[in-house]
Amino acid sequence: MVTEKDVEHIGELADIGIDTAELATFTGQFNAIVEYFDVLDRVQGDGAVARDLYNVLRDDIVEPSLSQDEATRNAGAQEDGFIKAPRVM
Amino acid sequence: MAVHTISFEPDDRYNAFLKVCAKPSHGEGKLTGIAVAVKDNISTQGIETTCASKILKGYIPPYDAHAVGLIKAAGAAVAGKTNMDEFGMGTSTENSAFGPTLNPCDTGRVPGGSSGGSAAAVAAGMVRMALGTDTGGSIRCPAAFCGIVGLKPSYGRVSRYGLIAYANSLETIGPMAKNVADVSLLMSVIAGHDRKDTTSYNKPYAHAPSADIKGLRIGIPEEYFGKGVDPEVASVVRKAIGRLEELGAVTVPCSIPSMEYALAAYYVICTSEASSNLARFDGVRYGPAADTKKSWHAAYQDVRKQGFGPEVRRRIMLGTFALSSGYYGKYYAKAQIARENVRKDFTRLFSDVDVLCGPTMPTIAFKLGEKSDPLSMYLSDILTVPVNLAGIPAISVPCGKVQGMPVGLQVMGRQFEDERVIDVAYAYEQAVKQ
Amino acid sequence: MIDSDIVVGLEVHCQLDTKSKLFCGCSTDYRNDGPNTHVCPVCLGLPGTMPVLNRRAIEYAMRVAKALNCTVIPESEFSRKNYFYPDLDKAYQVTQYDKPLAEGGYVEIEGDDGKERKIQLTRIHVEEDPGRLVHMGNAERGRYSLVDYNRAGIPLIEIVSEPEMRSPKEARKFLNKLRATLEYLGVFDPEKEGSLRVDANISLRGSERVEIKNITSYKGVERALTFEVTRQKNQLRRGLKVDRETRHYLEARGITQSARSKEQENDYRYFPEPDLRPLRVQSWVKDIVLPELPDARRERFVRQYGCSLNHARTLTGELKMANFFEAVVAGEKTGLCTLAATWIADTLAGELNYRSMGIDAVDAKKFTGLLDLLKAGTITDKSGVEVLRVMLDERLKGETVETPEAIVSRLNLAKTTDDEDAYIAVISEVIDENPKALEDYKAGKRGAINFLVGQAMKKTRGRADPDMLNRLMIAILDKYGAVT
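Protein chains in written order, with the numbering used here: chain C, 1 to 89; chain F, 1 to 434; chain B, 1 to 484.
The following block holds chain C by itself, in its conformation from the complex (with noise of 0.2 Å):
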């Protein structure tokens, strides 16, 4: 059973933002899904994994990189060639 409170718990760990007028809809919409996740716990194995590809990597290479234009461009704000971001206070 996953009350109100968890869902408002899970709600600031995602830093999602739920107000209280959508908690109650929201947790019982949870609860069912939750609910029908509980077939999972019937699950029998290991879970050993068969991997075929492994190491995968690329030559240490310098490729061309983005204009500082090009990078700022889709940014809400910008200073210097700086992106501008709200401050962690």
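There may be inaccurate statements among the hints.
Cβ pair distances, simulated, as ranges [as the list claims (entries may be wrong)]:
#1 E35/C x E222/F: 19 to 29 Å
#2 Y218/B x L379/F: 51 to 61 Å
#3 Y54/C x E299/B: 32 to 42 Å
#4 G99/F x A48/C: 42 to 52 Å
What the hints contain is simulated information worked out from the structure, not anything from laboratory work. Since this is a predicted model, take the numbers as computed values, not measurements. We treat Cβ as the ideally placed atom computed from N, Cα and C, and that holds for glycine.
Assemble the complex: chain C is given as a structure, and chains F and B must be docked to it using the hints.
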């Protein structure tokens, strides 16, 4: 290479396109001058790419997805970006932030999802071919619902570089068209190794579809015709499989026990990966700007609350929950074991049969607004997700109608045997043409 | 002082000196260039991009693992560490979690008790660096941050020690040894600003563990830990508890401060990175050829050049200094070696440190020339120091550096000829000028000799041979009939 321009002015009454390129240019190659629609979660240089989400409104990628580069090099013209469920999360294209796409066969019904826009664009004849993506059925479902052909290639056969990630270990880009030959042609252009995608294999596709399926062994999994599948849909598909038998194939009843938990495993894995993949949308480097006057966490939460639709936020929370400390073992770790079991089931079956056949979807296209409960929507994916868990190829080809709406026949094959899956679909298509 | 109550562990992050970043081809040489000029869609984390692992970064990390006697695990993989921060452009850091590249191993240091000790390591792994934040603004104008992603994606090696160090000093020694080893392996450039970052864990026995994050200088580590020891002891003395917490080190003030932020309660929700394939590189270990490492070089310096252990330790503590020493003594007999060792390890090191100069700035040939002058007795030690300082200052000011011979000539620093008469003349002068000193000497105060010798040295502007001066001074004083 000479550069030409074509004119593209589709009558898009279905809201299939989010963006139309009115005068797309093109070069020369296998796809000379063919207007190809590209699903809006595939990056296109210089063309806005939103994943049908407000959080990416205005984002213009500075690079092309590898597959887009390939179709351009083959002479195709990028016709525009098609509508989809936001970030690929949905089975109906109703989760788009820019309105649903309507099914050209019946505008009161959904076109399927998440590649609903691409399917509608092809079905309505606006374009000859389209690129879609399939994470849990997102190419096959709309293909079935709109009555066109859609191939989910083997995982790793088409580069994912440039596909805006929803669930990295499950998804692939794939071709959609009205007929199997065109799907095969588009596949030949986009398949192949990409050194920018280390999960891609060196398996190019150069195959002309063949209708000869004499002696082919077809497994019929009982779970695909059991409870939850509409009896009329099941009947139409059985008839279609009967046609394959007339062509010389042999059917074998079989079972996939892991289907019991495949859907749960799928939703745990895809939401977990999504919760991580979608965390980068913070309004700092792209997308509608974060409010720099606020503190970081407040601004970040605001961006996500306003930018993501409810289904996306629901899945992010589910994924966060499944990965969180204390729950990882119960959900994510278990889902991976479940996934291995699904893979093993398919491997076991494919040592006896060559392909598996069944319906693509358990029902015909439902009405807009009909499935408002998230869980009931998830359950529609039950017949398509096992394929994504196992990474094998699967195609949906139209095989009849129920209540006037198209029904799709799904053909699933061994990993890397996309050619065989194409052949079975082709054989059926050619047989019913006559 | 060994305080058996202190327990210290370190997590050291070093930038690996590859040409391109860990997951993309952007150049790692970003320090002199403008912000966001060394980024591409991959390291900027643009949607749809994917990482491709740099082989050399893994090779470098394996060199370190072999040099530190770690066990490379058969199959390792990368994981995502999920958290939200403006300098982390994918909102996850690609790192290694439950399957790191290597485990175990050790670093040998000289313990505070003078004995060699092995500090065990827990693990070594590879991860990417995030971008760099600059905090701007103030309470009135509003605060915000500026982000530069040039550093995002730079390869890091993380070396985690067991909590086995017993003092801040031992922590510094561990760090120095580690730095030197990485430098000798050719995988790390210690002179690059910000190329090394340390998180330190410290607890006093019986108390909670405190983590100090993101210390960026070697001295800072010792200072931060020293401050913490004092702080924690004060807490306990007052009858208060030491809280288990994360603190930041404030370099400018030399203190640590509590970091009361959300980051402390983070649940990183690690899971394997689905876009990268696993590594099976255990078989590479046998083919790795290690260069001579600091300890071996130190032993060789003692053996081959007759250096004292202390000198050898100082000389081999930095790769460039060790190379400089060997360049200077190349082909020389043991005689010059001792002189060189002393002058490099004791004198030169100090003078360079004082001027914040690196040994790169010193011309080995000119330095050898100086040693030759000293060996030949042309100048005194004191003059030698003066010549050295002139050479360094000229270099510092960007002027042409003169040869030691030229300096000696220009400043007239050559030792006065061993002309006894000249010495006697100076001595007599000095005795005449300092009658009180003479009386003191006659009264039996030996210190008077030193005073008089000093005065004589002053008169000759340091050019006199002190031994000769001493000998003659005593001989002359003797004549005054005093007691010696």
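Taking the hints in turn, this is what the structure says about them:
no. : hint                        : result
1   : E35/C x E222/F: 19 to 29 Å  : holds (26 Å)
2   : Y218/B x L379/F: 51 to 61 Å : holds (60 Å)
3   : Y54/C x E299/B: 32 to 42 Å  : holds (40 Å)
4   : G99/F x A48/C: 42 to 52 Å   : holds (46 Å)
Hint violations for this structure: none, all hints satisfied.
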